[in-house]
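As you go down the protein sequences, you meet chains A and B in turn.
Letter by letter, the first sequence follows residues 63 to 183 in the working numbering.
Letter by letter, the second sequence follows residues 39 to 150 in the working numbering.
None of these hints come from the bench; they were simulated from the model.
Beta carbons: idealized from backbone N, C-alpha and C, even for Gly.
Straight-line distance between alpha carbons at most 27 Å, and here's what the computed DSS-like set of lysine-lysine pairs gives: (1) B/Lys85 / A/Lys127; (2) A/Lys75 / A/Lys106; (3) B/Lys85 / A/Lys121.
Examples of chain B residues lying across from chain A (beta carbon under 7 Å, computed): (4) Asp72; (5) Ala83; (6) Leu86; (7) Phe141.
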Amino acid sequence: QVQLQESGPGLVKPSGTLSLTCAVSGGSISSSNWWSWIRQPPGKGLEWIGEIYHSGSTKYNPSLKSRVTISVDKSKNQFSLKLSSVTAADTAVYYCARISAGSYLDALDIWGQGTMVTVSS
Amino acid sequence: QSVLTQPPSLSGAPGQRVTISCTGSSSNIGAGYDVHWYQQLPGTAPKLLIYGHNNRPSGVPDRFSGSKSGTSASLAITGLQAEDEADYSCQSYDSSLSGSRVFGTGTKVTVL
Numbered sequence: 063q064v065q066l067q068e069s070g071p072g073l074v075k076p077s078g079t080l081s082l083t084c085a086v087s088g089g090s091i092s093s094s095n096w097w098s099w100i101r102q103p104p105g106k107g108l109e110w111i112g113e114i115y116h117s118g119s120t121k122y123n124p125s126l127k128s129r130v131t132i133s134v135d136k137s138k139n140q141f142s143l144k145l146s147s148v149t150a151a152d153t154a155v156y157y158c159a160r161i162s163a164g165s166y167l168d169a170l171d172i173w174g175q176g177t178m179v180t181v182s183s
Numbered sequence: 039q040s041v042l043t044q045p046p047s048l049s050g051a052p053g054q055r056v057t058i059s060c061t062g063s064s065s066n067i068g069a070g071y072d073v074h075w076y077q078q079l080p081g082t083a084p085k086l087l088i089y090g091h092n093n094r095p096s097g098v099p100d101r102f103s104g105s106k107s108g109t110s111a112s113l114a115i116t117g118l119q120a121e122d123e124a125d126y127s128c129q130s131y132d133s134s135l136s137g138s139r140v141f142g143t144g145t146k147v148t149v150l
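Sequences are here, hints too, so could you generate the full structure?
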């Protein structure tokens, strides 16, 4: 059974770069799935950040595109998120998720537990 | 700045029916994009509840059902149970945002 686990610093300074990794276990990142990052500011709704295929193809939220980079490391079976020039508005719980390859259309069918990232000096 | 609007909160007694609306526009739900629903129990990650408007993944009770009409979608919970107290979010796609995934504003369901 595929499981996802986010990891990375819980505190990032303003104007710095937020870096997170999502480790995939119980399955291969080179499967026919896309992989996604989503975030949720405290007390607010979910926001899609972007997604990646194992080939390296990416799709980004237009509102974040200039600051976001999502990459994949097939040798480590993981994918990563980098968000630059962060501000307090980027404080959120960050989730990684798997996109269904067809069984559930392209819904987000498996989620990591999430990791809280606070932007503060 | 979610493009899909949901009521912030709803409540119901055990056994009752509650319906959560997800209102979009002609560039998302009205354009024919799929609608998915996620349930988020307190302090946990979202879980896929309904996919493709009205389909349940294995293991999801049949008291949960989805529908879509025009530029809106709905999630109904019949026979409300205490364990259904959670946040619920709809998700679709928006052509005006280059086909980006978009989420609803989220609805907190309270079981009285």
